[in-house]
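Undergrad: Spelled out, the chains give:
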Amino acid sequence: MSVSRTLHQHRVPFLSMIAVAAAVLAGCGGSSAPSGGSTASGGSTAGSSSGKGPIVIGTSLSLTGDFSADGQAFKNGYEFWASQVNAHGGLLGRQVQIKILNDNSSPSQVVTNYQTLINTDHVALTLGPFSSLLTAPAAAVAHRYGYAFVEGAGGAPVVFAQKLNNVFDVSLPVANELDPFTAWVQSLPAGQRPATGAYPKADDPFAIPQVQRTQRLLQPMGVQTAYSKVFPEEVADYQAPADSVAHSQAQAVVLGSTDVPTVSAFMSTFEQQHYNPKIFIAAAGPDQGSAFTSAVGMKNANGMLVPDAWYPGSANPLSKEMVQAYVAKYGGNPSDINADVAEAYSVGEVVDQAVTHLNSLSNAKIISYLHSGVTLQSVQGPVKFNELGENLAATAFIFQWQNGKFVQVLPAGAAGSVKIEYPKPVWPS
Amino acid sequence: MTPSAVRQAAARAARPRRGPPGFSGLPARPLLIAAGVLAVVAAGVLFPVAFPSPVATTYGFDTLIFVACASAWNLFSGYSGYLSLGHAVFFGSGVYAVAVGAQDWHLTGTGVFGLLPLAAAVGGGIAIPLGLVALRVRRHTFVVITIAFFFIFQLMAFNLAFTGGTSGLVAPILNWSGATYNNPFYYAALLLAGATVAVSWLIRRARFGLHLRAIRDDEDRARGLGVPALRVKLAAFVVSGAITGLAGGLWYYFIGAAAPQSAFDPLFDLSLALMAFFGGLGTVAGPVLGALVLEPAQQWLTARFTSNYLSEILLGVLFLVVIIFMPRGVLPTASERLARWRAAWRRRREPGAETRP
Amino acid sequence: MASQIYPAIADGILVGGVYALMAVGLTLIFGVLDIINVAQGILVVIGGYLSYVLSVHLHIDLFLGLLITVPVMFGLGLVIHTVVIRPLRGSERTSMSLLACFAVAIIGEGVLYAVFGADVVTLHASYTQSSFQIAGYYITDIYLYCFLLALALVAVIYLLLYRTRFGRSVRATMQDPVAARLVGININRVAALTFGLGVAVTAAGGMAFGATSGGFNPNSGYDLISRLLAIVILGGLGSIGGALVAAVFMITLESVVDIWSPSWAVAVFYVALVVVLTVRPAGLFGRAAVRAQ
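Chains Y, E and L, in that order, are what the protein sequence lines are. First residue of the first sequence: 2, per the working numbering; consecutive thereafter. First residue of the second sequence: -19, per the working numbering; consecutive thereafter. First residue of the third sequence: 2, per the working numbering; consecutive thereafter.
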């Protein structure tokens, strides 16, 4: 083997490596100008807390990947909120710009994104991502740099386990979603309560806590557990757990679902097996408006119960205003507005109220203000944080499909509630 | 051409290609290579000084983790020819080893770093039973069995109670200042990456590496020649697993959260394969180049590509292009091209003289 | 609980037939081309989406639509073979083709996401909801129809392999490519046509999968390919009968275990694979490793 040939074999790798390494790392590390993102920020990174330029608020959302459907809805919510604020004179007199980076539902990407937003783009404020799995690592990054972290989609215990003082979840803790339902069962005379209950749960932090809690509360009321299992969420094949539930002939089914396909699959199987539970409540799915009814058929939807912190027809005046403005801006039907939009909007509202009250963008002040026990208002209802950052003033409602309409039924006496249909009508053949 | 030149050329043409070039054989100019290595190491050490922004060190950390993991993957799969698509098993096990350890033994602060050797031990330890089962089958089957292991482990992470199930676990908070928080992690990753490349190089030079390459080229013949194939493969598998486990543990503490989908991520394995392939499968520097180029690019693009899964399509196309047009990877192909170009240039400069590439 | 086992076994066998259909293409491609087509999962999903488009937008019946989707997928298979597989040469062919197929799978998934989005879709027909009763249990009509379709198609493939000249060339190439070439078989053509056939079969597999799975989206390819790989390896690479037996066995086992624990049911698949391979590294019906790697 000749000398120079061996040389090439060794020289090329090293030199090219050095060159590439230097170029790549310099390219992404040294840049201080914001690039890309989903808003045009025209020039300087004027997200600083002082000055007259626009206020840049940064967030990372799952625009691709596992959580992409919700991530996109959150994007709509945040951007809509910003446009509303700007239409009403802006925040502290300045225009609001939302800068969104995509995290592809990945925890390591979400960390990189918030690092970028905070240390390269120098955003004034940060808003939370979607899902507890991403909120936990992201909140830690924000905490390190003293940023308040208001979010609406991270309520699992892991988010609060680190006891970070900058985390504020505006949405109702997942575990309490079905409380009005259990209260209603309690209100029934013993003879009318369902004798048996089935509790199938998708393996997801948004589907297990509330169903488990309900099971625990219903047991002493005389509702025997006929079935209680966790099924994996990955595969869209829910035939087997659905068959097992049908086989159990439980009178009440409390399904821990996170999306329409899960509920639709269970309903399908129940229909095929000619199994008619007296109560069928799902954690999520029936609250998706037309996405739900077109998937299962309007006739089948009747009688289905679902918890919802918000729905387009909500009587809350802030919500009505938002729905009107949303439809005016984007067109379409109020009933098509995704609940995630309201969640994201609420996050913005809380930030808005804090900043306006303090007349300052100081994150430290915002954090102590939000921990001061003050009650703020949002389209999802009142917001008041405990020391962990959970919103215990959040309200829970139960809705039901009746005659093709999505109506509020529980709490029974609350404003806007109609009579609950019980037992659930049998499947139309 | 003189007769001796003809003979030399014929001899060169007849010599069979023995696989991609690497840092194999005795370097003719050790000084140049040493200088090159030193330059790269110096660049790595000085990088956080030159670019102090935490964003740069975040990219740096993530990239170095992949340098280590891709090199570790390559020193098993690249050298032996057994493509493993289940290395995420080691990574995830390292993640959970540190996560569960920190939680159960109530460790905080720098104490958690003490769990890193445990992560390596878990990674390497798991490789033994897995290897004993998987390394007895043909290469095609081996790939599938590694995929099966991957799914089994991911499922265990979902279902077993001590892993925190689908919500996962979070790490104790490190109260370091934000401006320099990343630096210790970065240097730890740099150390790991450097050590891995060194190990990879040493293996390649040693008889161990020769055994592995013999297995890759023709396992039956290697066995016939007395290579203890199973033991050799298993040893490489264990080393690879231990390094990957350590990387996982370190990564966990940096990110601060562990969940089944992120600790056991199918795209992790594909990324390792792509990086090693891109740079040059079976070479020492190949996976390093692959990681240095692909990881920052992937992160940067993901943050800004927000729709239509364009990034996924581009990734696949890049993969295909690399495989079809540069099947041996960037480095060996570039090396070859350069060598051929130099030969042509020299031929033009000295017509009639002996052709030497 | 015990009375649930029989329906679970029945469902398992029926769905197992569907998986057998999907696995047959995979094992055939391996047998002739010596490559593992890991894009098979996404190809099934593509088949499902094709049926979806025909059914929802053109209102063509699912089974009739196969007359269109099968030839289309055959063509797609030929294209993939020519563009991706043929150019691969050299000693690293096995690993390269594996990764090349992965690349195709990634591209396919990305394209599906771009065109259809991430929403889960299902294949609907009048017979996907109706069920008939047997021994006190209800079986959905579509399961039975798809099972029959799977049987029919596997029979067709068998006939093709054992009763036609083309089939003879295929079997010859599987047994010994060099000898096959020596007797004048154009193995490149055989390879291309076999690949096309393997993909064409997945059109039917895709429809059957879409109709019996309860819903799919572009992401379904991952889980599907891992199951198909497990089935094909368990049955023995290159053995069609083995793929059939393995598919029915694994799916039925999973279906039964699902009664006790839905969370662990999927693991059964892979654990069974690992157990069998430890005892019989070539799979149930696989040929012992003869070919140099």
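A few of these clues could be false.
[What the hints assert, rightly or not] Simulated DEER-style distance windows between Cβ atoms:
hint : chain 1 : residue 1 : chain 2 : residue 2 : range
1    : E       : A141      : L       : A180      : 49 to 59 Å
2    : L       : N189      : E       : R116      : 50 to 60 Å
3    : E       : L140      : L       : R164      : 45 to 55 Å
4    : Y       : G405      : L       : L68       : 30 to 40 Å
5    : L       : R172      : E       : A23       : 29 to 39 Å
6    : Y       : Q325      : E       : L140      : 20 to 30 Å
7    : E       : L247      : Y       : S336      : 50 to 60 Å
8    : L       : G137      : Y       : A292      : 32 to 42 Å
9    : Y       : A196      : E       : L140      : 52 to 62 Å
10   : L       : D177      : E       : D84       : 28 to 38 Å
11   : Y       : P335      : L       : R94       : 19 to 29 Å
12   : L       : F117      : E       : R185      : 36 to 46 Å
13   : Y       : T396      : E       : L298      : 18 to 28 Å
14   : E       : R201      : L       : A180      : 14 to 24 Å
[What the hints assert, rightly or not] Here are some chain L residues the structure puts well away from chain E; computed CB gaps all over 10 Å:
hint : residue
15   : A11
16   : I69
17   : F75
18   : A104
19   : V105
20   : H125
21   : V157
22   : L274
23   : T279
In case anyone wonders, no lab produced these hints; they're calculated from the structure. In this text, a Cβ means the ideal position worked out from N, Cα and C, and glycines have one as well.
Undergrad: Next, verify each hint and record whether it holds.
TA: Each hint, compared with the structure:
About 57 Å separates the C-beta atoms of E:A141 and L:A180, a value consistent with the hinted range of 49 to 59 Å. Evaluation of the 50 to 60 Å hint for L:N189 and E:R116 yields a failure: the beta carbon distance comes to about 34 Å. About 52 Å separates the C-beta atoms of E:L140 and L:R164, a value consistent with the hinted range of 45 to 55 Å. In this structure the hint that Y:G405 and L:L68 lie 30 to 40 Å apart at CB holds, the actual value being about 38 Å.
In this structure, L:R172 and E:A23 break the distance hint of 29 to 39 Å, their C-beta atoms being roughly 58 Å apart. About 49 Å separates the C-beta atoms of Y:Q325 and E:L140, a value inconsistent with the hinted range of 20 to 30 Å. At roughly 37 Å, the beta carbons of E:L247 and Y:S336 sit outside the given window of 50 to 60 Å. The hint said 32 to 42 Å for the Cβ distance between L:G137 and Y:A292, and at roughly 35 Å that hint holds.
Judged by the Cβ atoms, the range 52 to 62 Å given for Y:A196 and E:L140 is violated: they are separated by roughly 34 Å. Checked against the given bound of 28 to 38 Å, the beta carbons of L:D177 and E:D84, roughly 58 Å apart, lie outside it. The beta-carbon spacing between Y:P335 and L:R94, approximately 59 Å, falls outside the hinted interval of 19 to 29 Å. Taking the beta carbon of each, L:F117 and E:R185 are about 51 Å apart, not inside 36 to 46 Å as hinted.
The hinted range of 18 to 28 Å is not satisfied by Y:T396 and E:L298, whose Cβ atoms lie roughly 50 Å apart. A hinted range of 14 to 24 Å for the beta carbons of E:R201 and L:A180 is consistent with their spacing of about 22 Å. Distance check on L:A11: its Cβ is at least 26 Å (rounded) from any Cβ of chain E, clearing the 10 Å threshold; non-interface status holds. Once the 10 Å rule is applied to beta carbons, L:I69 is consistent with being away from chain E; the minimum gap is 25 Å.
A cut-off of 10 Å between C-beta atoms confirms that L:F75 is not in contact with chain E; the least separation is 21 Å. Its closest Cβ contact with chain E, about 4 Å, brings L:A104 to no more than 10 Å, contrary to its assignment away from the interface. Not every beta carbon of chain E lies more than 10 Å from that of L:V105, the smallest distance being close to 7 Å; the non-interface claim is violated. Under the 10 Å C-beta cut-off, the non-interface status given to L:H125 relative to chain E holds; the minimum distance is some 26 Å.
Separation of L:V157 from chain E is adequate, the least Cβ-Cβ distance of about 27 Å exceeding the 10 Å criterion. For L:L274, the requirement that its beta carbon stay farther than 10 Å from each beta carbon of chain E is not met, with the minimum near 5 Å. The claim that L:T279 is not at the interface with chain E is violated, since a C-beta of that chain comes within 10 Å of its own (minimum 5 Å).
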